[in-house]
Structure formats: structure tokens, C-alpha cells
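Assembling the complex is the task here: the two chains are given apart, and the hints tell you how they should meet.
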Amino acid sequence: MSNDNFEAVAEAAGGSVASFEPEHLGFGERLQRFLHNYPTAAPAFVLLVAVVGFYLIVGSRFLSAFNLSLVFQQVTIIGIIGVAQTLVILTAGIDLSVGAIMVLCSVIMGRTAVLMGLPAPLALMLGLLAGAACGAINGLLITRLRLPPFITTLGTWSIFFALNLWYSESETIRSQDLATQAGLLQWMGVSFNMAGARITMGTLTMLVLFFGMWFALNHTPWGRHVYATGDDPQAAQLAGINTDRVLLSVYIVAGVICALAAWALIGRIGSVSPQAGQSANLDSITAVVIGGTSLFGGRGAIAGTLIGALVVGVFRNGLALAGVDVLWQEFAIGLLIITAVATDQWIRRV
Amino acid sequence: MLKRNASALALAASLLVPVAAQAEGIVGLITKTNTNPFFVKMKEGAEAKAKELGVELRSFAGKIDGDNESQVEAVENLIAAGAKGILITPNDSKAIVPSIAKAREAGLLVIALDTPLEPADAADATFATDNFKAGELIGEWAAATLGDKARDASIAMLDLNANEVSVDVLRDQGFLKGFGIDVKDDKDIGDEEDARIIGHDVTDGNEEGGRTAMENLLQKSGGEVDLVYTINEPAAAGAYEALKAVGKEKEVLIVSIDGGCPGVKNIKEGVIGATSMQFPLLMASMGVEAIVEFAKSGKKPENSEGLDFFNTGVELITDAPVDGIESQTADQGLEKCWG
Chain A
1 MSNDNFEAVA
11 EAAGGSVASF
21 EPEHLGFGER
31 LQRFLHNYPT
41 AAPAFVLLVA
51 VVGFYLIVGS
61 RFLSAFNLSL
71 VFQQVTIIGI
81 IGVAQTLVIL
91 TAGIDLSVGA
101 IMVLCSVIMG
111 RTAVLMGLPA
121 PLALMLGLLA
131 GAACGAINGL
141 LITRLRLPPF
151 ITTLGTWSIF
161 FALNLWYSES
171 ETIRSQDLAT
181 QAGLLQWMGV
191 SFNMAGARIT
201 MGTLTMLVLF
211 FGMWFALNHT
221 PWGRHVYATG
231 DDPQAAQLAG
241 INTDRVLLSV
251 YIVAGVICAL
261 AAWALIGRIG
271 SVSPQAGQSA
281 NLDSITAVVI
291 GGTSLFGGRG
301 AIAGTLIGAL
311 VVGVFRNGLA
321 LAGVDVLWQE
331 FAIGLLIITA
341 VATDQWIRRV
Chain B
1 MLKRNASALA
11 LAASLLVPVA
21 AQAEGIVGLI
31 TKTNTNPFFV
41 KMKEGAEAKA
51 KELGVELRSF
61 AGKIDGDNES
71 QVEAVENLIA
81 AGAKGILITP
91 NDSKAIVPSI
101 AKAREAGLLV
111 IALDTPLEPA
121 DAADATFATD
131 NFKAGELIGE
141 WAAATLGDKA
151 RDASIAMLDL
161 NANEVSVDVL
171 RDQGFLKGFG
181 IDVKDDKDIG
191 DEEDARIIGH
201 DVTDGNEEGG
211 RTAMENLLQK
221 SGGEVDLVYT
231 INEPAAAGAY
241 EALKAVGKEK
251 EVLIVSIDGG
261 CPGVKNIKEG
271 VIGATSMQFP
281 LLMASMGVEA
291 IVEFAKSGKK
301 PENSEGLDFF
311 NTGVELITDA
321 PVDGIESQTA
331 DQGLEKCWG
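If you read the sequences in order, they're chains A and B. Just so you know, we're using the working numbering here: the first sequence kicks off at 1 and counts up by one. Just so you know, we're using the working numbering here: the second sequence kicks off at 1 and counts up by one.
These are calculated hints, taken from the structure and not from any lab test. Please read these numbers as outputs of a predicted model, since none were measured by experiment. We treat Cβ as the ideally placed atom computed from N, Cα and C, and that holds for glycine. Mixed in with the good hints there might be a few duds.
[As the list claims (entries may be wrong)] DEER-style ranges, computed between Cβ atoms:
id: 1; chain 1: B; residue 1: 56; chain 2: A; residue 2: 117; range: 56 to 66 Å
id: 2; chain 1: B; residue 1: 76; chain 2: A; residue 2: 143; range: 39 to 49 Å
id: 3; chain 1: A; residue 1: 56; chain 2: B; residue 2: 65; range: 33 to 43 Å
id: 4; chain 1: A; residue 1: 338; chain 2: B; residue 2: 94; range: 51 to 61 Å
Chain B on its own, in the form it takes in the complex (with noise of 0.2 Å):
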């Protein structure tokens, strides 16, 4: 009886030796939400990159922006389960910080993907978007394409959400600044004097946000605006909606950031002016590349010279180039859009 068990047991082990060796691990994957294009789109990314190195992949996802309880689950779910590490866009990046704490302890390599934690050293590393050198590069462009009447020009400016998050801030403060306006504290938006900017208003990011807050700030200029600056790509196809809804479409500038494909196409339409594109897909795969890599060797990822993450780049979307700006074509973006 016992040789039968202990000859049963044998039989089970090796049943599960090829399966083990074909998983040699799990990568956690915890996204803010799995309803936002950007995420989708992070999480396709790492599990063609999952596949390709043979690893298994586990996602999980918050319920809504800003849902911390659902992606501390998450974190403890991943630790139970062995993971060797987490890949994670947080939703609260403070109050997260003591799970992945945890999660370090236990030995796991924690990556936040495109928002850092505050500090950003509570993970291992950080993989995103230079979000202030992206606000940058279009408020560079919008004065270069205005030209002289950049000195006078009337901006309209786009945010996210009443709460100034990281993204936010960075992405505003960074184009006003490219645009060449003293952005006073960098760390807040709106305490800028310059008369240029007729107001800043916020779109929860999306169409009808965009199109609302366009209104009203045209309401409040009495219909003067030359530029406009949005958050990302659908708050610019709102305030477009808007802009034509007063005949105004041909004669205003707008420029976005993202690098969505339907924003893509709207730039080579002439939708939007230029935009900023960033570049979801890459931060997931070479997310799951460092777990592989650290598993293996024990070797953990460096950030960027001169910055608290791994930038993985930023790169200008327009059909209407300036000198000394590097940028490509709509036609060019098309071909690595996302979304």
C-alpha cells in the first residue's frame, strides 16, 4: 500500500516536472484599470513579451482609476502565488507603497510602469513616459509654428481631473514651459500670471470633458483662442467638436499627447496639430524582459542619466515640422500607434 502511494506520488511529480519547466515563472502584470486603450494595450505588449520568453503571465487590473484595494489584492495574490515579480501602473502611488514593500521583501522585483511611486525608490525601478520632456516638445512646437504670434496668443488650457495628479501636472507645466511661460511652481497648476493663458479647465481625459471644458473657456475669452493644449488625444477630439460647433476648427492650434492610433489619425486629418507620442507597449514588454533577466542573473534595471526612471522615450507626431525640433510624420506614427 504505501510502495503503491509512494510509486503514485513519483508518477505525480514527474507529471508536473514538464510543466513546471515549461512556466519558469510568473511575471505579475497589475494594471489601473482594463477599460483605458493605454492599458489594454500595456498588457497585450507583455504577453506577446510573456510568450516569447516562456514565462506566464498574470494580469489583474483595478476597477476603476483610483481603485488601491482591488491592486493590493492584487500584490498579495502575486506573493502567494511565487511570482518573481510584479509589473504595476499604480492607482494610489503612496498608499500602495507597503504592499509592495512586502513584495520586495519576499524577494520579488517590483517595476511601476508609466506612474512612479511616491518616493519612486519604493520599487526596484520605474519604466514610463517622460511626461514633462512630452508637455515639452509640443508647447516647443506651438510657439515654433506660431511663430511671431506666439508673443499675443490666446491658450486654452486641458487638464485631467481636480486632483492634479503626477501625469497632469508634469504634462501642463511641461508645455507651458516649452512654450516659453514662467510656470512659477512647477509642482502646481493654474498659479501661472501669464495673460496668454485664458484659463485651465479640466476633461476627465475624455471626448465630452474636452468638449465642455472648451466651451467654457471660450465663454470666458469671449471666443479668443489661437492654441489649445489637452491632456491626451480624446479631450483634443472634444475640443475639436467644439471648436467646429463655432466655426473656429481652421484657425485654432491644438496639440495632445498619447499616441493613440484614432489621435494619429486625427493629426494626419489635421485634427490635431501635433502630438506627443509615448510608447505603452514598450514599457510592458521590456517590463517583462527585467523579471526574466532578474530571475535568471539577479541583475536589476538602471534608470535613465539624470532621472529617477528608465525613459522609454517620447517622440513628436506632426505632418507640419519646425527646425530644430525632431518629429515625424503621421504616415510614420501610424505604424507604431497603439490604441
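With the rest of the complex left out, here is chain A (with noise of 0.2 Å):
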């Protein structure tokens, strides 16, 4: 017996077509989804924690305003160098490079204004092109020579110290020489007072770089090319974006903004020291981690870095207001790092 009346049996059949169960999920499934589709939820939420434990130990000497531009202040060299590495980051590469470009870029400043004579403005125009120049260099050797980013920078890094030992001979420019002979250099360090806070223009700079990497990032094609790159270059390939002439950009920005940061640097301490920022590199990647951008690359946001330099700097200020033997800072540097990259694992699974 056939049945012909086939409108009786799709009528029957109901008219539900494909769906899925509803969802019931648990907390953690819902944080997990929360957290992958706002990374920077979590270092926030570390921050405000650390804030108000600090306050309850420390005392509303801790949260004043003062105090809290402070930390700013402390962690403006980080943060503008964290800007260069989150960048990189986000290709999925990394660049141990930092540092070394920063202090060859202050030196560079240094010595020609004041060994050399030439007038600030200029010096300071070197220092920026010198910044670019590293950067270039870096770019080159991954997209042309196919170098893994670690490995290639981790070379670099010691060829831009070592140019950096051999160009300041060891020596340290003195605030006082750079004062009378290059002031624009120490431009960074000049500060102004808002409602008790201090603020310094190295901190304002750093402020307008995120935001303005903020925006390149989310609302220029360039920035929308980077995320594609990092994420899957193959399929950024396929859909038209030339992804080594996107790395060899975003290693060449780095470079200018780790220059950018030598000038921070010069502003913060007033000389220009062969010695600084040997921890730059590593500091930088600590908040671009703890910020909740993947080592992975294509996932992150460059709030989060500026979050990531602040957990560090506020467990700095404030454990040192406590009186708490340094050696637990680092501690607990340690520990948060660990704690951010088990998250992102684990929001990845999504």
C-alpha cells in the first residue's frame, strides 16, 4: 500500500526543520565563552582584584592619586614597548629584540646630540630612523629568508647589543650634560599635575599609542590584515592579503615604536645608559601574556597589554608598600603568567 498523499506526510512530520538542543550550559562553559569572545575580561578583572587587595593591605596611600600615576609612570616604558610586542604577537611571531633596539635607539639619540653636537630635533629623528632600520632588518630576514621569528631575533638581539656596547663604548650620558645640550631628548620626562595626580608626558604618549593602535587594529584594513596573518596566513593568502609585506609592516612599526620607547626611557631615568632595559624583552612579553593575547597569534587586544603592564606594575608598587621581600613579587609575576597562558588555553577550546 503506498501512501501518494505526500502533503499529509509532510504534515505530519511536523515543521520543525534542523535545530539544535537547546543549550544548558554550566558557569564554566558560559565563562569559557565569555572570556574567548572578550580576551581582556580576565587580566581586568586580575587588576581590579590586585587594586582593592592592595587597598585593603596597604591603605588609601596606595590608592591615591598620586600613587596610581605613579605606577603609570613605572610602567610607560613597558607599556609602549608592550605595544610593539603585542603587535608582533598577534602575527604570531615574537621579538626578543625589543630591548636591545630600545637602548641602541637612546644611545643613538644620546651621542649624536651631545658627543656629536647635532641639534636635538635631528638626533632624536635619527633615533626613530635607526628604530626602523632594526625593525626592516627583522622583517627581512623572516619574510625573504623564511627565518622562524624567534630564532631570527633572538640573533638580532645580540647583534643590536652588541652595536650598542660598541657605538656607547660603556659609557653612561649624564642627565645633567643632556639637560644643558638636549633638552627635547628629556621632553618625555616633563610633567604636569591633574587633581594630585602626576602625569608625564612619556605617559600620555604611551596613552595616545594604544589608542591609536587600538583603532589601526580594529578599524583600518591594515590592522584587519594583521589579525587575518596571525590567525591563518594560508587563508589570508587565499583571500587576497599579501601577508609578508603585512610582517615586514608590523616588524618595521615595532622597530619605530621601540625607538619611541628609548625616548620614554631617556625622559624616565634623564640619561642615556648603556645598561637599561636588558629585561625589556621578556617584561614586554610578560604583559602582552598576562594581557590575554595568544601566542598563537590572531587572538588579543592591545587593552589588554596596557592591562597586563599595570597587574605588573601595581604588584610591584603596591607589595613594595606592604614592606614584602621583593623575591615574592617575582613570585607572584611567575605565577600570574603561568595562570594567564593556562587560561588561554583553555578559552582556545571554544
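Set out below in C-alpha cells:
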């Protein structure tokens, strides 16, 4: 017996098409999805807890406008370098040479201005150009010779640092000599007071840079290309993106930002020291990782890096005010890194 | 054929002889790093002395502070090269000891420069600054300069790092003792209970660390500070920037240790009140002399009286001398500063 009344059968089958099981997510899964969509939420929460925690331990001295502005000053250099590092890590790369580029550029600015007597704006330009050149070397080695970024920048780290020692002759240029001959180089250290807070040009520069990079990454084609290249380079190429050009541009921009950090460094310490910034590469990676940017590329937000740098700064400052031995500060930062990377692995599984 | 070979050998030997005579032996120098101006100057001092005495200097350095492996390798290379002796500033005073023992068994004279080995007699001799004395000098000077104010002065202590290496501890505790503070255990930083101490923070011995540490201690004390001890002059320069940012640079006294040229210039300009100068060039040149002497006569250098090392001296540099403490002016200091 065949039933030719197809309409009736169809009606009997019900009108619903393909559907999913209604989702009954546990708290953990919902948190996982939330963090997947908002990767900066976790570090922001840690920052909030740290600020409240230190307020309870140390008291109002910690939460004063002056002290909080001080924390911003203290993270200025790592924050600026962190912008460069975030950019590189978003492309699934890493830049170990950032600290060496910064010191080399600061030495070039200082020596050309003070020892060669060039006008300060020219010395500054030379420093920024040197940063671009260092970044271009990294970028060309990575895109033309296809060397892995880790190895490339490990090598150029040594090279740039050796050039720094050779050119600086391991000599420090004192703050007082810079002030009389090239005051512009110390401009980043100029500060003004606002509602009890002390804000330096360096801090402002850092905040402007974060905002500018946030805009570039989220609202320009170049920014979207950076994310695409980091997320899946083959797909990006199929979509018509010249990934080599994107990578090269990323390393050059990172180099220029490091030179900017060099200027901020001179502003902060007053002098030009070839010994400075030796841990800046690892510190910047720490800020990026705590800030929730994935080391596997393509995921993360620039604002997270600022938060990551602030978390480290708040721990350093808060523990010092509480009179805690410095080794526990190292311990705490280590725990934060592990927690941040573990969180990243977890939310990747969504 | 055989004859020709033999004469060729003789010719080669005769060519070699004058070369060997020119360099009467190899002296090895192993520094902690080749970045710190202190070690750069040390190397210059050793090179000048080696040239003067007609020996060959071979220098090595760790890659970074704390790098023991590179120094072990350097010791092995120098033993293999048949060096007469080794001058070393150990990155790890304990871990390097077995390698040093091998060198001494092979007949080399080993002199520790600047940083003693642990135990100190693992080396044939140690040429170093008396770091406790260096700290004591600036402590005594600060107490005398502050006069009656010393009794209720607020003191910030800017140390090196969390490891509490011997140089760090000796300078810190020496300063406190010189100032007249009960240091309790003089092997431990921070066990003091004197209310005058605001706190101890670390600087990594550089400008940025000095500035951050000073800022944090100022916050801790509510802005009150009269006297700042710094592990070295770059840290002092950083601390000065922090004080300048809050307009306190005129009323706070900074003391330091090292005697680098930028530091001595800072004494002249009133940035630092006083510093204890040490003499890296002297350590190195005396070390080379001792090894050459040992190669000639087998005589080993002796320690200073009452110390387990040979004291290469420390001098107080200040433009505000006080009664009863011998000191030199910044201008005199500029003639013998290093780096």
C-alpha cells in the first residue's frame, strides 16, 4: 500500500526544520565563551582584584591619585614596548630584540646630540630611523629568508646589543649634560599635575599610542590584515592579503615604537645608559601574555597589554608599599604568567 | 727526503722560538660580563699591564650576570692553552670552585678579582675592594654631615637585587653600621628594627631601577626622606630623578659606592653627596703582575692583614669633607675615576 498523499505525510512530520539541542551551559562553559569573546576581561578582573587587595592591605596611600599616576609612570616603558610586542605576537611571531633596539636607539639619540653636537630634533629623528632600520632587518630576515621569528630576533638581539656596547663604549651620558645640550630628549619626563595626579608626557604618549594602535588594528584594513595573517596565513593569502608585506610592516612599525620607547626611557631616567632595558624583552612579553593575547597569534586585544603592564606595575608598587620582600613579587608575576597562559589554552577550545 | 724534512722542521722551530720568547706566557682574564663599565675598565687595566710586561692577555666573559657555564668553559680553555694564571670575577662564587680546583692542580695561579670565591681560599688569592669598609665610610660621612638630625632621619636603602649577593649585603650593612644603626645579623639585609629605615628596595644597579625603587619608598614613607643609600652611582642617578620629580632633590642627601666617572661628576654637581671609590684598574693590573711574578719565582701573593683578601683600597670622594674622615675632592677623584 503506497501512500501518495505526500502533503499529508509532510504535515504529519511537523514543521520544524534542523534544530539544535537547547543549550544548557554550566557556569564554567559560559565563562569560557565569555572570555573567548572578551579576552581582556580576565586580566581586567585580576587588575581590579589587585587594586582592591592592595587598598585593603596598604590603605589609602596606595589608592591615592598620586600613587596611581606613579604606577602609570613606572609602566610607561614596558607599556610602549608592549604595543610593539603585541603587534608582533598577533602575527604569531615574537620579538626578543625589542629591548636591544630601544637601548641602541637611546644611545644613538644621546650620543649624536651630546657628543657630536647635532641639534636635538635631528638626533631624535636619527634614533627613530635607527629603530625603523632594526625592525626592517628583523622583517626582511623573517619574510625573505623564511627564518622563524624566535631565532631571527634572538640573533638580532645579540647583534643590536653588541652594536650598542660598541657605539656607546659602555659609557653613560649624564642627565645634567643632556639637560644643557639636548633638553628635547628629556621631554618625555616633563610632567604636570592634575587633581593630585602627576602625569608625564611619557605616560600621555603611551596612552595615545595605545589608542592609536587600537584604532589601527580594529578600524583600518591594515589592522584586519594583521589579525588575519596571525590567525591563518594561508587563508589570508587566499583572501588576497600579501602576508609578507604585512609581516614586514609589522616589524618596521615595532622597531619605530621601540625607538619611541627609547625617547620615553631617556625622559624617565634622565640619562642615557647602555646598561638600561636589559629585561625589556621578557617584561614586554609578560605584559602581553598577562593581557590575554594568545602566543599562537590572531587573537587578543591591544588594551589587554596595557592592563597586563599595569597588573605587573601594581604588584611591584603594592608589594613595595606593603614592605614585602622582592622575591615574592617575582613569585607573584610568575604565577600570573602561568595562570594567563593556562586560561588562554582553556578558552582556545571553544 | 728525510733530511729535507728535518731541515724544514729546524727552520720551523727557529721561526717559532722568537715568537715564544716575545710572549712569555698567557694570562687569562675572565670577567662577569663584558657590558658593565667596571669590567670594561678592568680589562683595559689588565691589557695595559700585560703589554708592559710582555705577556699575552686572553680575555673571556660571561654572557650575562650569573652565567657560570661560559666561565667554566673559559677556565677549561685557559688550562688547555697552558696559561700561567687566571684572573676571575666569578659569576657564581660556589659553582665555579671545582673548575678552579682543576686549574690549580694543573699548576695555574688563580686570583679572584672583586668578588671572592666561596670559600675564599679556593683561589690562591683575592684582590678586592673592602665593600664593608666602602659602606662604612659613606655611613660615617652621612652621620657626621647630618649631625643632630641623624637621630631622627628617614633613610631609604636602595640595594641590588633579591639574591642578596655578598657585595650587596656588605655595602648595605657596612653603611648602616657606619651610620650607627644596629644591623643585627650582618649577613642579612632587612632584619634591622631601627625606625629610621623607611625600607629596602632593589634597583638592579641601574637608573630605572633606582628611580622606581625611590618612588616606591617615597610612597611608603608618605614623602618623607632625608638620606638615601644607593648600591652604586647609576642607581643614585635614578633616585635623584625621582626626588627631582617631587621637588625634594635639594633637601635629601644621597650617598653611593663605585667611583665611576659619571658618578664623580655627579658629586661635583651636588647630585650625590659622597661616594666610596674603588679601583678596578688596579685590581687587574696587580693581578697580572702577581701572575707574572708567580711564573718567574713561584711566589704567591699574600692577603692584607686581618682580612681574607688583598684590599685594593677604597677612598671617600666628596666636596663636603667632615672632620675625622679622610676624603678627597671630586676634582681629585676625576683624575682616577673609571668608566
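Results for each hint:
1. Between residue 56 of chain B and residue 117 of chain A the C-beta distance comes to about 40 Å, which lies outside the given range of 56 to 66 Å.
2. Evaluation of the 39 to 49 Å hint for residue 76 of chain B and residue 143 of chain A yields a pass: the beta carbon distance comes to about 41 Å.
3. In this structure the supplied range 33 to 43 Å holds for residue 56 of chain A paired with residue 65 of chain B, their Cβ-Cβ distance being about 37 Å.
4. About 29 Å separates the C-beta atoms of residue 338 of chain A and residue 94 of chain B, a value inconsistent with the hinted range of 51 to 61 Å.
The earlier numbered hints that this structure contradicts are 1 and 4.
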